[in-house]
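Protein chains: 2
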Amino acid sequence: MSDSAPAEVTAKADQPPTGKLSGGPRRREHTLSTAGGLSALSLDALSSVAYGPEAMMLVLIAAGASALRFTLPITLVITGMLVLLVISYTQVIAAHPDGGGAYAVAKQDIGPRTSLLAAASLVVDYVLTVAVSLAAGAASLGSVFPALAHHLLLVALTGLVLLTVVNLFGISESAKLLMGPTVLFIVSIIAVIVVGALRRHPVAVIGTSEAPFHATEALGLVLILKAFAAGCSAVTGVEAIANGVPQFRKPRIRTAQRTEVSLGVLLGAMLVGLALLIRVHHVVPRGGVTVLAQLTAAAFGTGWPYYVSNLAVTLVLALAANTSFGGLPVLMSLLAKDHRLPHLFYLRAERPVYRHGIIALALLAAVLLGAVEAETNKLIPLFTIGVFVGFTISQIGLVRHWRRKRPPRWRLRAALNGVGAVMTAVAVCVFLSTKFLEGAWVVTIAVPLMMILFWQTERYYAEVASELKLGKTPPHPRKRQSIVIVPTSTVNLLTEQALCAALSISDTVIGVAVAADEKEAQHVKRAWDEWHPGVPIEVLVDPHRAFVRSVVRYVKSIQKEDLDVTVVVLIPEIIPRRRRHEILHNQRGRLLGAVLKSRTNAVVATLPFHLHE
Amino acid sequence: MSDSAPAEVTAKADQPPTGKLSGGPRRREHTLSTAGGLSALSLDALSSVAYGPEAMMLVLIAAGASALRFTLPITLVITGMLVLLVISYTQVIAAHPDGGGAYAVAKQDIGPRTSLLAAASLVVDYVLTVAVSLAAGAASLGSVFPALAHHLLLVALTGLVLLTVVNLFGISESAKLLMGPTVLFIVSIIAVIVVGALRRHPVAVIGTSEAPFHATEALGLVLILKAFAAGCSAVTGVEAIANGVPQFRKPRIRTAQRTEVSLGVLLGAMLVGLALLIRVHHVVPRGGVTVLAQLTAAAFGTGWPYYVSNLAVTLVLALAANTSFGGLPVLMSLLAKDHRLPHLFYLRAERPVYRHGIIALALLAAVLLGAVEAETNKLIPLFTIGVFVGFTISQIGLVRHWRRKRPPRWRLRAALNGVGAVMTAVAVCVFLSTKFLEGAWVVTIAVPLMMILFWQTERYYAEVASELKLGKTPPHPRKRQSIVIVPTSTVNLLTEQALCAALSISDTVIGVAVAADEKEAQHVKRAWDEWHPGVPIEVLVDPHRAFVRSVVRYVKSIQKEDLDVTVVVLIPEIIPRRRRHEILHNQRGRLLGAVLKSRTNAVVATLPFHLHE
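Quick note, the sequences are listed as chains A and B, same order. Note that our numbering has the first sequence beginning at 6, numbered continuously upward. Note that our numbering has the second sequence beginning at 6, numbered continuously upward.
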């Protein structure tokens, strides 16, 4: 029953590929409406407007405040790409009504190597979604409460700890619960755009300084491309709906496609609207306050609507981070089922959560946040690459899918996805070339490393499977002689319990003790014989009274004598009532067990003895 | 055979109370001559001259350089105390020819509570000996190689790591090996004193600045007492010989007493000699160079004798730190044998070393060194308290010993030790009152905390012992029915091996698998029946396919059905050839084992399956 590779090869996945791997909650409700789909699967995409435009502006401002005039044109280009992506993903929905992310698509339609690339990109994507969303959320909170502005790392890490704990306990997210914050967020952003376009509050009322950024670069194509690359972070997450199609209400494909289009329209409108507002109000990135917060202040002033709106942004960013906690552990469990990660990643104990995956995600995100001190814009160069690799793989997979299936108008469909794939692949090249030194190199190292890790793990498990002759019927089991050895030192209740258990499982039971010399050995034998348990005792003499070594040597000698005997070493173990008392017990027994397992073929049996005091 | 309290109650200590608990190496050679005794048991005391006088001067200089004129008088007072201590300890030697430190004396002659105080003080003493010796050794090395002077913490921690590794591997110290450095050290110091008294090199050639310390305090009684307290660190370690009497050549008591007196004479002469030299040369404490190094330079100039002499000092300080590695782990093992520390502290695995004690000592010393950034003088206020508490306890014990035994001239003996006890007790009060805020508070918190820890541990083990009815003969063991459960998922070589072992130890063997629904259950049953292993299978249906929970529930149901049956759960475990592959295997099996142990009374048996490729 070992959970090693072979034992699980034929077991079916007990968890369908949902999550943000398909973007949303893990419960399959089959009842998502368009609005529900937006809440459950699009928070990651929608919340991108909180950091995407600002990331772009921070690149442009390196060439001086006047360069910010390119904000609107670049946003329009990105919105154009968004349109193509949305069209492309409505196709993905039609082609893969069972959902499944880039990993599943690549495994099915392209090949194992590409699926490794997809998996590695997705891991990077999930980790960065958590880090970026939390960093942006902290920045948003810092805009509202300036006291927090100097402790963004602390705020982000606190959020991370909260999310981790909540997810370790297991949460049953529901689309209905998410609907409130989502609606509030969308209404806030639209209100900011509409009200902000109509009236003008002074913008300079918030933030630390007028113009903290100095022109350091010339405005040129490279800078524009960099700004585009940074701005593309605003369209991350649009793949989620396509991956969660099974969760939608019937007719599934239609509902999902409608949701995807709604997301596209909403996201596009918000991006363009905010870009227009930025131009109208001449907003400039400032320290201690986000661009979005400045726009909110410009529209509402700094009264309660300002607070409500910014807190909604913070909340939605935190929920976006939470989607990764739904997604990455599930992806890791799928990788583990494919023998590409240690099997412990699909191990669940008391609670139905993949805690190893959750902890891995939390640690990786914490390292990232710490490395950049929770500055969103330092993470952006790393972020978009993984997402766009996923976009590209999904669409290449789809082109192959259409060519193979040849449904009506397959050429048009393939062309659409092909254009999409080329576009996103070009975007990846742009990201890599312009942002390499600013952080993209991390991804170019991490992704191949992870691919090697997955591949090595898979190969190792395959070797083990062949050694265990998996798939072949093993010989019939047969009964052998058995000897039970009970290590002991003094006669007490524990010894008696151990002998009871030993006698129950074998007719040949031997007590074993260790003494420093013959005299002590005689003493031990006498005490044993006085008790008269009906079981012989063997006293091993070792001048150093080295217990573990002596017992191991004895077990080896027995196994050498008779190869066809099952040797069982029965070790009683005290189970204290309180966990913290564990350190006071059993170390020698555990040590003996561990050494026996690694050095001999003996069965190591542990008899628990529960304390009641 | 569990190593819980009761199992060891009657076992004899397999390690006599030697070590620096008795100050020296752990091998009992029974052959120490006076010179050998000085090398093996007095390094800690002798090396104190490297930091004691300087610690005193650093206190005095707070009242200006002129206050340094008190160096000699205070040294004379301390030397007077040394004389009384040496006389007192020659008595200890006569009274306790079997050795044993303050802990053993207090346990035997005073009572359990005082022995706890002695133990806690000794722990503090050992840890501080390591920290102080390494810090002083680093300072000494930094005096010779100024490049190291700014990295004293690094130097000290490197030394600590080296000592820890060497001790984890186990070393067989020998007095002969230690004799070389000891002789070199003593000769160096005496040469410094003699040569320094005869000729004068310019002192100011080494060190960073002329007078880096500014007068900040008025000269008064408090300052003098503080200087006395700091200087007392020079007499730490004189107890070691008395604790190591069994190691001496016959006539043991005479040899040991002669060694103690030799130590007193040597140490006293060095202290007074150095104090005289300090006065003659007007030496002032300086940054980056120790007082002893300045004196050496004054005597020899900065040629090769300067290097040899200082390196001898460094070496002897490192060896002094090493004596604690011989002592504390042994003390902790004795405390563990008395059930006052977790029993794991007397657990030894492959090598005959108490690695848990060694690691505990290394960690504590590292924390201390880090906290004071390896500045010797910040550790001094913490150091002497523990040592002098030990002095006091030993002598009070001796007074009681004389009163009970009433040998010839017992009144004189008791008076001598009584005076000694009062003197050291007063010294403790002086240390505490003058140095409280400078670090002594750490000790006043640490010691009671440790006493509580020891006491609580002892009480806990006593409760466990009573629950195990220790000391009473248990009932006779009797045979019961047994059922072996073999959790499995698919039929493979591992299953076959597990069934072989299971059949060997019981006639009733049941395979157990978990399926998500009836259909899957039928499938598993069919595969099993096709193999036809001659063992029935029970397929547990659980919609979540929760393996661990289902198996535990099944085991509980069997135990409920028949209380008089021994249930064994046999779990195969893959043992990979390389240790790093451990993470790829067995997590589910281990989880199942752990949950079974904590929730049921079932015997958890593990069958190791060794991979070969």
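Keep in mind the hints are simulated off the structure, nothing from the lab. One should not assume that every hint holds.
Identical chains blur together in the list; that is why a pair holds if it fits in one copy or across any two.
Straight-line Cα separation of at most 20 Å, EDC-like style, residue types lysine to aspartate or glutamate; simulated pairs [claimed, not checked]:
1. Lys383 / Glu525
2. Lys477 / Glu535
3. Lys484 / Asp512
4. Lys561 / Glu222
5. Lys474 / Glu535
6. Lys484 / Glu443
7. Lys602 / Glu566
8. Lys255 / Asp534
9. Lys565 / Asp343
10. Lys342 / Glu472
11. Lys112 / Asp522
12. Lys602 / Glu578
13. Lys181 / Glu587
14. Lys383 / Glu578
15. Lys383 / Asp534
16. Lys410 / Glu535
17. Lys410 / Asp534
18. Lys474 / Asp343
19. Lys524 / Glu380
Predicted model only: the values in this text are computed from it and were never measured.
Please flag the earlier hints that this structure goes against, numbers listed from lowest up.
1, 4, 6, 8, 9, 11, 13, 14, 15, 16, 17, 19
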